[in-house]
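So you can see what is in the structure, the chains are spelled out below.
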Amino acid sequence: MTTQILIAGFGGQGILFAGKFLANKGLLEGRQLSWLPSYGPEMRGGTANCSVVLSDEPIGSPIVNKPDVLIVMNLPSLDKYEKAVAPGGSVFVDSTLIERPVAREDVKTYYIPATKLAQQNGIPTLANMILLGKVMRESSFVSFEGIEDAVRSVVSAKHADLYEVNLKAIRLGYEYGA
Amino acid sequence: MGNKVLMKGNEAIAESAIRAGCRHYFGYPITPQTEVAAYMAKRMPKIGGTFLQAESEIAAINMVYGVAATGRRVMTSSSSPGVSLKQEGISYIAGSDLPALIVNVQRGGPGLGGIQPSQSDYFQATKGGGHGDYHLIVLAPSSVQEMADMTALAFDLADRYLMPVMLLADGTIGQMMEPVELPEAREPQFAEKDWAVTGTKGRREHHIVNSLYLVPEQLEQKNFERFERYARIEREEARFESFMMEDAEICVVAFGIAARVSKNAVMAARREGLKVGMIRPITLWPFPSAALAEAAKTVKGFLSVELSMGQMIEDVKLAVSCSRPVSLCRRTGGMIMSPDEVLAKIRETAGGNE
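For the record, the sequence lines run as chains V and C.
Once you know that position 17 of the first sequence is 17 in my numbering, the rest is easy, because the numbers rise by one and skip nothing.
Once you know that position 211 of the second sequence is 211 in my numbering, the rest is easy, because the numbers rise by one and skip nothing.
No lab work stands behind these hints, which were simulated from the structure alone.
Heads up, some of the hints might be wrong.
Unchecked claim - Residues from chain V shown here face chain C by an in silico Cβ test under 10 Å; the list is partial: (1) G19; (2) N24; (3) Q32; (4) L33; (5) S34; (6) Y39; (7) G46; (8) T47; (9) S51; (10) I59; (11) G60; (12) S153; (13) V155; (14) A157.
What the hints assert, rightly or not - With beta-carbon atoms standing in for the labels, derived distance ranges: (15) V:D161 x C:G48: 29 to 37 Å; (16) C:R186 x V:E105: 55 to 63 Å; (17) C:E294 x V:E57: 24 to 32 Å; (18) C:A38 x V:D161: 18 to 26 Å; (19) C:F224 x V:E57: 46 to 54 Å; (20) C:F224 x V:G12: 57 to 65 Å; (21) V:P87 x C:E348: 22 to 30 Å; (22) C:E55 x V:S156: 31 to 39 Å; (23) V:E57 x C:A54: 39 to 47 Å; (24) C:G66 x V:P87: 55 to 63 Å; (25) C:E181 x V:A103: 40 to 48 Å; (26) V:D161 x C:R229: 54 to 62 Å; (27) V:S156 x C:R232: 43 to 51 Å; (28) C:G48 x V:R104: 52 to 60 Å.
Just so it is clear, CB atoms sit at the ideal spot from N, CA and C, and this is done for glycine as well.
Could you put together the complete structure from these sequences and hints?
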């Protein structure tokens with residue numbers, strides 16, 4: 001099985017970091033994977049997106065043109081990528097930041113007030129990981145088990161103090177609405 | 001997958017170069033290859049190597065020329081506009097028969113162009129971007145694993161054939177992360193190189209590294225000798241990957257990131273019942289012409305898929321002596337075709353031959 005994931009939002013929201021977490025999770029599970037960031041003049045406040053492909057077979061294109069899973073953290077990203085989602089795919093929306101519903105009717109939609117949850121729980125920069133928690137609850141392309149190791153691989157030694165809060169954020173999202 | 005780590009393609013180049021015994025890196029920053037230099041800046045001082053950010057690309061390539069003359073493994077990396085600036089130095093290195101690695105993580109051009117991925121330096125890399133009669137061996141990685149493997153291979157080929165080797169990547173392969181198994185570390189070798197300029201201490205005749213031959217008979221002879229070596233390389237070093245070619249009626253030809261995208265399209269076409277395969281050149285010079293000529297005996301047509309206005313397609317046509325139609329699927333300026341665009345071209349190519 002091959003799962004194509006596209007994560008999009010503003011620079012500074014941890015879009016690439018969220019992708020790295022999924023990539024590392026895939027690596028720890030012995031999957032084939034690719035992680036491709038948008039690169040260029042983006043900066044904090046600009047747009048950022050990240051393509052992650054996870055598969056049991058060698059991966060062809062690392063560029064996600066038709067995501068099975070779309071995770072969006074701002075309106076321009078929903079506007080831009082909604083049409084591209086594969087029929088039957090899933091769209092995860094940070095409903096604190098995006099007020100309009102998904103227009104497509106042939107996709108599964110999940111609305112998570114991730115930014116609000118992050119603020120309420122004292123982890124205002126970790127809405128990205130809350131969303132990922134929900135993604136892991138609702139899809140099976142990576143397992144929830146072993147998230148500790150994956151977080152350890154993406155949190156650099158310099159920022160070891162962020163290990164616990166990232167786990168907390170993922171668990172918050174995983175439990176949200178459950 | 002125990003030994004696999006996640007790395008960006010650019011980082012894999014840098015780490016693999018160090019493991020291949022390269023201890024000298026000279027460069028000048030440019031997107032999208034910056035991680036190569038950043039990695040070298042971090043690592044080289046810790047292992048007794050040299051990282052130097054030169055005042056320009058021209059300075060950097062001439063520093064490479066200097067170290068290459070001493071027989072030590074040396075490299076530079078840049079992206080398209082920067083590689084244009086290096087061409088004079090590359091010609092001198094080729095004219096002096098010295099081994100070196102030049103990495104080009106391509107971006108869109110011409111001119112300052114853009115910073116998104118491209119393959120439009122194909123002509124420059126494979127036809128001699130600098131002046132004079134010379135070639136580079138040109139390797140075209142299409143995964144992070146190949147970024148690592150081909151960096152090591154590039155140093156070995158450069159030493160074996162005494163010539164500069166170019167790793168021709170693009171912004172996508174440079175920026176993406178994939179699991180990679182890094183090659184084993186080798187000690188920097190300063191093995192007997194009977195041409196290297198290492199200081200005689202009065203014990204032997206000077207070695208002279210030079211590309212100036214004012215007597216035309218001598219220069220002609222030098223070029224003849226060099227091209228005998230090139231002929232051997234063309235016979236022995238052409239590399240390619242063949243994918244689903246056994247019963248193929250259409251042959252897609254693509255390298256680097258275009259080959260990754262094309263692979264999806266080939267599989268989609270197969271699901272539609274179209275007999276399609278792909279030949280992926282791994283060496284762009286020498287071009288795997290023999291493999292394409294062989295394919296031309298059985299396929300009905302070729303499709304060249306490139307991130308340029310159409311450069312490799314000329315080599316495809318030459319390889320098959322225009323015995324079969326060769327069509328083109330192209331995007332340029334930093335744009336990348338989708339698998340659907342390639343699939344549409346495959347259908348067109350197949351339909352045109354019914």
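Evaluation of the provided hints:
Restraint check, G19 of chain V versus chain C: the minimum CB separation of about 9 Å is within 10 Å; hint holds. Evaluation of the N24 of chain V hint against chain C yields a held restraint, the C-beta minimum of about 6 Å falling below 10 Å. Annotation: Q32 of chain V was flagged as interfacial toward chain C, and the flag holds, the nearest CB pair being 8 Å apart, inside 10 Å. Interface hint status for L33 of chain V: upheld, as the beta-carbon distance to the closest one in chain C is roughly 7 Å, under 10 Å.
About 5 Å separates the beta-carbon of S34 of chain V from the nearest beta-carbon of chain C, less than 10 Å, and the hint is met. Given the 10 Å rule on beta carbons, the hint for Y39 of chain V holds: about 5 Å separates it from the nearest Cβ of chain C. About 14 Å separates the beta-carbon of G46 of chain V from the nearest beta-carbon of chain C, more than 10 Å, and the hint is not met. With its C-beta approaching chain C no nearer than about 14 Å, T47 of chain V sits outside the 10 Å limit, and its interface hint is violated.
Look at S51 of chain V: its Cβ gets to within about 8 Å of chain C, closer than 10 Å, so that hint holds up. Because the closest C-beta pair between I59 of chain V and chain C is about 8 Å apart, less than 10 Å, the hint holds. Restraint check, G60 of chain V versus chain C: the minimum CB separation of about 4 Å is within 10 Å; hint holds. Hint status for S153 of chain V relative to chain C: holds, with the closest Cβ pair at about 8 Å, below 10 Å.
Hint status for V155 of chain V relative to chain C: violated, with the closest Cβ pair at about 14 Å, above 10 Å. A distance limit of 10 Å between C-beta atoms decides the matter here; for A157 of chain V the minimum to chain C is near 14 Å, and the interface restraint is violated. A beta carbon spacing of about 34 Å between D161 of chain V and G48 of chain C agrees with the range 29 to 37 Å that was offered as a hint. Look at R186 of chain C against E105 of chain V: about 58 Å separates their beta carbons, and that is inside 55 to 63 Å.
Separated by about 27 Å at the C-beta atoms, E294 of chain C and E57 of chain V satisfy the suggested range of 24 to 32 Å. Hint check: A38 of chain C to D161 of chain V, Cβ distance near 25 Å, so the stated range 18 to 26 Å holds. With their beta carbons about 49 Å apart, F224 of chain C and E57 of chain V fall inside the hinted range of 46 to 54 Å. The hint said 57 to 65 Å for the Cβ distance between F224 of chain C and G12 of chain V, and at roughly 60 Å that hint holds.
Checked against the hint of 22 to 30 Å, the pair P87 of chain V and E348 of chain C passes, with Cβ atoms roughly 25 Å apart. For E55 of chain C and S156 of chain V, the Cβ-Cβ distance of about 32 Å falls inside the hinted range of 31 to 39 Å, so the restraint holds. Evaluation of the 39 to 47 Å hint for E57 of chain V and A54 of chain C yields a pass: the beta carbon distance comes to about 43 Å. In this structure, G66 of chain C and P87 of chain V meet the distance hint of 55 to 63 Å, their C-beta atoms being roughly 59 Å apart.
The beta-carbon spacing between E181 of chain C and A103 of chain V, approximately 44 Å, falls within the hinted interval of 40 to 48 Å. Judged by the Cβ atoms, the range 54 to 62 Å given for D161 of chain V and R229 of chain C holds: they are separated by roughly 58 Å. Distance hint for S156 of chain V and R232 of chain C: a CB-CB separation of about 48 Å, consistent with the stated range 43 to 51 Å. One distance hint, 52 to 60 Å for the beta-carbon pair G48 of chain C and R104 of chain V, holds here, with the actual separation near 58 Å.
Violation of the numbered hints given earlier is confined to hints 7, 8, 13 and 14; the remaining hints are satisfied by the structure.
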